[in-house]
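Those protein sequences? They're chains E and F, same order as listed. First residue of the first sequence? That's 1 in the UniProt record's numbering, and the numbers climb one at a time after it. First residue of the second sequence? That's 1 in the UniProt record's numbering, and the numbers climb one at a time after it.
Calculated directly from the structure, the hints in this document are not laboratory data. Among the hints, a few may not be true.
Here are some chain E residues pointing at chain F (derived, C-beta under 10 Å) [stated by the list, open to error]:
1) T68
2) L149
3) G170
4) G234
5) N237
Quick caveat: nothing in here was measured; it's all calculated off a predicted structure. The beta carbon of each residue, even a glycine, is placed where N, CA and C say it ideally should be.
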Amino acid sequence: HFVVLPFRQICYFFYKNVAFGVTVFLFEAYTSFSGQAAYNDWYLSFYNVLFTALPTLALGVLDQDVSTRFCIKFPLLYQEGVQNVLLSWRRILGWMFNGLTMSPLHLLTWPFANVVRLLAWIFWEPQCIPCVVWVVNVQMAISLSYFTLIQHIVIWGSVFNWYLFSFAYGSMPPNLSTNAYKVFLIACSPAPSYWLLVLFVVIAAVIPYYSYTAITMRFFPMYHQMIQWIRQEGQSNDPEYCNMVHQRCIRPTTVGFTARAEARSRSQRK
Amino acid sequence: MPPTPKGNDGPTDTTKRSSKKPKLIVSRRCGYNRDPTYLWVIGTSRYAWRIINSRFTQQELPACKPILTPGWVITTFIFVGIIFIPIGLASLFASQQVVEIVERYDSDCISSSFSDKEDFIKRSDTNKTCIKKLLVSSSFLLEMSLRLIPHQLFYENALAVSFQVHKHMKSPVFVYYQIDHFYQNHRRYVKSRSDKQLRSKGYEDLTATCEPEAKTNNGPIVPCGLIAWSLFNDTYGFSVKNKVLEVSKKNIAWKSDKESKFGSNVYPKNFQSSGVIGGAKLNASKPLSEQDDLIVWMRTAALPTFRKLYGHIEVDLEANETITVVIQNNYNTYSFGGKKKLVLSTTSWIGGKNDFLGIAYLTVGGLCLFLAVSFIIVYVAKPRPLGDPSFLSWNRNPAGHLN
């Protein structure tokens, strides 16, 4: 069953690239589409290599929504892969839509916020990129259902990588770091409003997905989520309960006229 | 066991083939609770590889398996709401403490005898001095009455303009010039500089990226490029009650720029000597590391509307004072429909005057609390846990009757 899970990795991959790419595109609107990059070249390159690569990898390799024991107990889980429930267009587009709608938040809060005291609007990457990196990693943390130590290390490590890289790159002599020289260190980090704005963007960008997940988890769960609930409530050893859950998956309803008719016909067949 | 047919398996040497064929040895009972050991032996025992089934390869690492229970959801939202609302209030309060005066002067500071603004600004013989009065007022009535005073009572080119600034401005009061619709972030503009040339005298001739402001007949232009060429050249002189207010130009540029990006042995050369003058002229006897205005200007802004630091006033400004500003309106923003504004501002821990952060935090905090309340209502109104068999219709009647 775990081979099914890279589907989530793929959706997430689309999401993080859309979130990042749309900010670049939106910035172009401000530069009268002259092609001036929003970010320094190295940040652009390292986004997919240093800051967000490892969590995606860890998601694909280590994530499991239900354990091996439950996979054997509920073989219908495999139908999720067969029916292509996890990689349907609806899911992919949903994730991309999430990235698309949240990226104006990353980019457009900064012009409104007027953060830095000495120079009112300066080069973009120490302001926008940490927002994107944080949001993308926090989003990963929320969508994970299996948190090992490795996941923790790679997620928070990727965020830390950004700060480390920013500090290191900015400290290199100006002939290497060009206009990123000490931008983060001098202009951004001493300003408390800079950190407050990053916090705001992260929380605001994650709230929609969090609410959506909470609602679907509770009221419209998918089969593997139902099994997670069963595990949570400790009813996995109750055979009748499990049987009922099987039926719930096969049929849309377990109450009402349809269910009664089914139950009657089944008992008659027996 | 059927006899294996002896056939011609191929031209290969059978002994060589058997030594390459891997032999699989599996130990018993691959139950999920056990740790079986798989042994792949390739060739002779010298190439024995052993992949031990560890918890990692069996995906049985210790982990926490979080699940979004109602308790968690509501707690998270309440927690975020409780944290965000005070932060929002504090930010809003700090922003309200900041006193800011913004005065647009490019439309007013043209002599009324010139109808063509571009023409006025490009000519070198026009008088570009403009005098404005700024009122640091705490009275709304006073401001309104001032607006009614006829124009002729004041100096030529002067206007009495008052702003809703409530109070005493504590030093240092920062003086900025703000330009609108100026695309300092345009790609060709941003490229048009030579950092190596700015850093050291030896690279004076590295002007390839600076076209068209790269060379003259007398040699390379230092500093070259369009960014330096378009240096802002309006000046402001402040006085209050006929006493001149000093505008300090110290520390307006970043220390890191002054020390590393602009060399102390690089002097302006052939600057603004071509036909079209784009902005200020530079003092050729001062090295670039001391030309603070240039350094500030060369840090290109990211947005088309930007402010750059002009200087700071180290004296407190009392409420209800009238500040007279003498502006030299030199810079040509008329050709492209730009606007120029003069800004005086105090600061707080939050930076300049900006209510956005406070309002944003309050909004998100409020939204979270609203979501928490709605989730509580939803979970209370629909308490049915997933798959509770007691809700099944055939379980409601223990005798099994359907109605």
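field: Given hint G234(E) near chain F, where the shortest CB pair must fall under 10 Å
entry: Status violated, d = 12 Å.
- prompt: Quick one, is the N237(E) hint okay against chain F at 10 Å, beta carbons?
  reply: N237(E) check fails; min Cβ-Cβ to chain F is 14 Å, beyond 10 Å.
query: Against chain F, with CB atoms and a cut of 10 Å, does the hint on L149(E) hold up?
result: 7 Å, holds
- prompt: Taking the closest Cβ pair, is T68(E) under 10 Å from chain F?
  reply: Holds. Min distance 5 Å.
- prompt: Should the hint that G170(E) touches chain F count as held when the rule is a Cβ pair under 10 Å?
  reply: 9 Å, holds
Hints 4, 5 from the earlier list are contradicted by this structure; the remaining hints agree with it.
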